[in-house]
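J.: Sequence:
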Amino acid sequence: LEFSMGGLSELELKVYQYINGKPKGSEGSSIAKNCEIPVENVAKIINSLSRKGLIEMRSDKDGKLTYNAVTASDRK
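Just so we're aligned, residue 1 is where the sequence shown starts under the UniProt record's numbering, counting upward by one.
It is worth saying that the hints were derived from the structure and are not from the lab.
In the DSS-like style, the derived pairs of lysine-lysine whose C-alpha atoms are separated by at most 30 Å in a straight line are:
1. Lys14 to Lys52
2. Lys14 to Lys24
3. Lys22 to Lys44
4. Lys44 to Lys64
5. Lys44 to Lys14
6. Lys22 to Lys33
7. Lys52 to Lys24
8. Lys64 to Lys52
9. Lys14 to Lys33
Here are the in silico distance ranges between beta carbons for each label pair:
10. Gly7 to Gly63: 30 to 40 Å
11. Ser9 to Lys61: 30 to 40 Å
12. Gly53 to Glu10: 11 to 21 Å
13. Gly7 to Asp62: 33 to 43 Å
14. Gly21 to Asn41: 17 to 27 Å
15. Asp62 to Ser9: 23 to 33 Å
16. Gly53 to Lys22: 13 to 23 Å
17. Lys61 to Gly7: 27 to 37 Å
18. Ser50 to Lys24: 17 to 27 Å
19. Val39 to Gln17: 16 to 26 Å
Note that the structure is a prediction, hence the values are computed from the model and not measured. C-beta atoms are modelled at their ideal positions from N, C-alpha and C, and glycine is treated no differently.
Working from the sequences, and respecting the hints, build out all of it.
T.: Here it is in C-alpha cells:
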C-alpha cells in the first residue's frame, strides 16, 4: 500500500527525510540499514528522488559516493 505525498511514495519520503537529516550526506548502505529497505531497492528509490531533483550524488575526497538532499538554497 503506497500513498503519495507530493508525488513521493511512502518509501521515497522515508529515504528523503533520512538523507535530509544527514548534512554531510549518506551512503547507500546506511540508507538501506536505517530505512529498513533492501539494498537493491535503495538504488531505485535514489534514482527516482534524483530524477525529481530532491537529492544529488556527490563523491567525497576519498571517492566514496554520498547522497545529499537538495535544499532550496542549492537551487539558485
